[in-house]
Amino acid sequence: MEASPKALRSLTWLTAALFAVALYMVLFYAPREMVMGDVQRVFYFHVAAGWVGALAFLVTAVTGGIYLARKDRRWDNVATASVEIGVVFTLINIVSGSIWARPIWNTWWTWDPRLVTATIMELIYVAYLMLRQGIEDPDRRARFGSVYGILGFLSVPLTFLSIRIFRTIHPVVVGSGDPTAEGTFDMTPRMLQAFMFSLLTFSFLYATLLWHRVRLGRLSEKVEQLKMKVLSA
Amino acid sequence: MSEAQPPAQALRPPAARIAGEPRGGYLRAVAAVVWKDLVAELRSRELLGAMLVFALLVILIFNFALELDVRTRATITSGVLWVTFAFAGTLGLNRSMAIEKDRGCLDGLLLAPVDRSAIYFGKVIGNLAFMLIVAAIVLPTYSALYNTNLFRPGLLLVILLGSIGYVVVGTLLAAMAVQARTRDVLLPILLFPVVLPVLVAAVKASNGFLQDLPLAEILPWVNLLIVYDVIFAAVSLMVFDFVVEE
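Residue numbers (the working numbering), protein chains in the order written: chain A, -3 to 229; chain B, 2 to 247.
Source of the hints: derived by calculation from the structure; they are not laboratory data.
Don't be surprised by glycine CBs; every beta carbon is placed ideally from N, CA and C.
Don't take every hint at face value.
[Claimed, not checked] Estimated spans, in silico, between C-beta atoms of each pair: (1) B:G155 - A:R214: 53 to 59 Å; (2) B:L112 - A:S6: 37 to 43 Å; (3) B:L146 - A:V31: 50 to 56 Å; (4) B:A51 - A:S228: 54 to 60 Å; (5) B:R72 - A:D34: 45 to 51 Å; (6) A:E217 - B:R153: 28 to 34 Å; (7) A:L222 - B:I138: 54 to 60 Å.
[Stated by the list, open to error] EDC-like mimics (lysine to aspartate or glutamate), calculated; alpha carbons at most 20 Å apart, straight line: (8) B:K102 - A:D135; (9) A:K67 - B:D242; (10) B:K102 - B:D116; (11) B:K102 - B:D213; (12) B:K102 - A:E132; (13) A:K67 - B:E247; (14) A:K218 - A:D133; (15) A:K223 - A:E80; (16) A:K67 - A:D133; (17) B:K102 - A:D133; (18) A:K67 - B:E218.
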C-alpha cells in the first residue's frame, strides 16, 4: 500500500492546527453573548457544519453531472465521498442546533423551514447511500448515484420554498423562534472573527476529509481489482 | 378470459405503425407504451386491484387512527387523501416497473428503435392513468363514506397536477429502485423525501379548495405545483437515459 502523499499529510496537520485555533477562538476569544450566555457558542460550529453539509451535497451534484457526461469512475468516487461527509456534517448541524434550541427556544425541535429542510436533506442523502448499497454493478451504482444526487439536490431548495410559503400563508406559532432567530444578536467584531475562522476551518476540514475519503475509495477499488485478478488466476 | 379483452385488431395499430413511418412516430411510440401498459393491466388486473384495495384500507385505518369525526375531517381530509394516493402510488409504481424488469420487457422496450424519452413518457402516462383511476374510485367512496362531496373542479385539478408531479419523479426512481437488491423497501425511501415539495403544495392546495378559502390564497400553491411539475419532468426526462442504459 502506498503512503499518503506529502501534500495530504501537510493538509491534515494544517487542518488539525486550524481546528485547535478555532476551538480556542470559539471558546475563549469570542466574548460571551449577553442574553443567551455560553450556549450561543454552539452557533460558530453549527453554521460551519451546515455550510460544509450544503457544500458537500453541491459537490456531489456537480461531480455526479460530470460523471454522467464523462463516464469516468473517479468523479463518482468523489461524489460518494462527498455525500458521506455531507451526511455527517448535516447531522452535526441538526444535533448542535437542537442543543442550542433547547435552552433558547425551550424546545428541541420546531417545524421551522430551515430545520425541516435540513432534515429532509439529510434523509435524501441517507436514501442515496441506501440506493448505492443495494446495487452491485459498479457502473450502474455510479449512474444511479449521480442521477439521485442531482435530483435530490434540486429538490432541497424546492422543499425549503414550499415550507416557507406554507408558513407565510398560515402563520403557525408553535414555539416561534423569531426573537432569537439567526441574525438577531449583533455580532461583535471578535464574534465575527471567530465565526469566519470557524467557516474557514470547517472548509479545510471538508477538503481534508474529502481527500482522505477519495483516496480510500481509490484504494478499495484497487483492492477489488487485485482480488479479481487473484481469483481469476 | 376472452370476452373482457378488446379485439386483437384494436390493439395492434399503434405499435405496428411505428417502424414504418419515422415522422410523427414519437407520439405513436408514447401511445404504444401507454397502450401496452393499459392492455396488460386490463388482462391481468393485478396492479389496479392491489392499489385500490390498499387505498381503501389506508382510508379505513385513518378512520380509526384519527377518529374522523366531522370537525376533524374538515381540516385533514386533504392530508388523508394525499397520504392514500402517495402510498397507493408507490405500490403501483413499484409493480409497473417490476413487471418490466422481471419478465425482461424493459430490454425489449429498449431495443425498440424509438427515442428513450418516448418510453419514459409512455410509462409516466400509464402510471398517471393508474393513479387517476385510483383517485376516481377513492373520491366517490370517501364522499359516500363521510357524506361529503369531493367532486369539486378545483380539487380535481389539484389531484391531476399533484399526481403528475408524483408520477414523473416516481417513474424515474422506480426504474432505479427495481434494479436494486432491496427494491420493495427502496422506492418509498428514495421517492418521499424528493417529492415532498409536490406533496406539500398538493395538500395545501387541496385543503384550500376543500375549505372554500378565497382563490387568492390557493392560487400560489397551484402555481407552485405547476412549476414543480415542469421542473421535475424536465430533469427526470434528461436523466432517464442514464437510468435505463446498459
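Task: Hint check against the structure, violated hint numbers in rising order - done: The structure breaks hints 2, 4, 6, 11, 15, 18; every other hint is satisfied.
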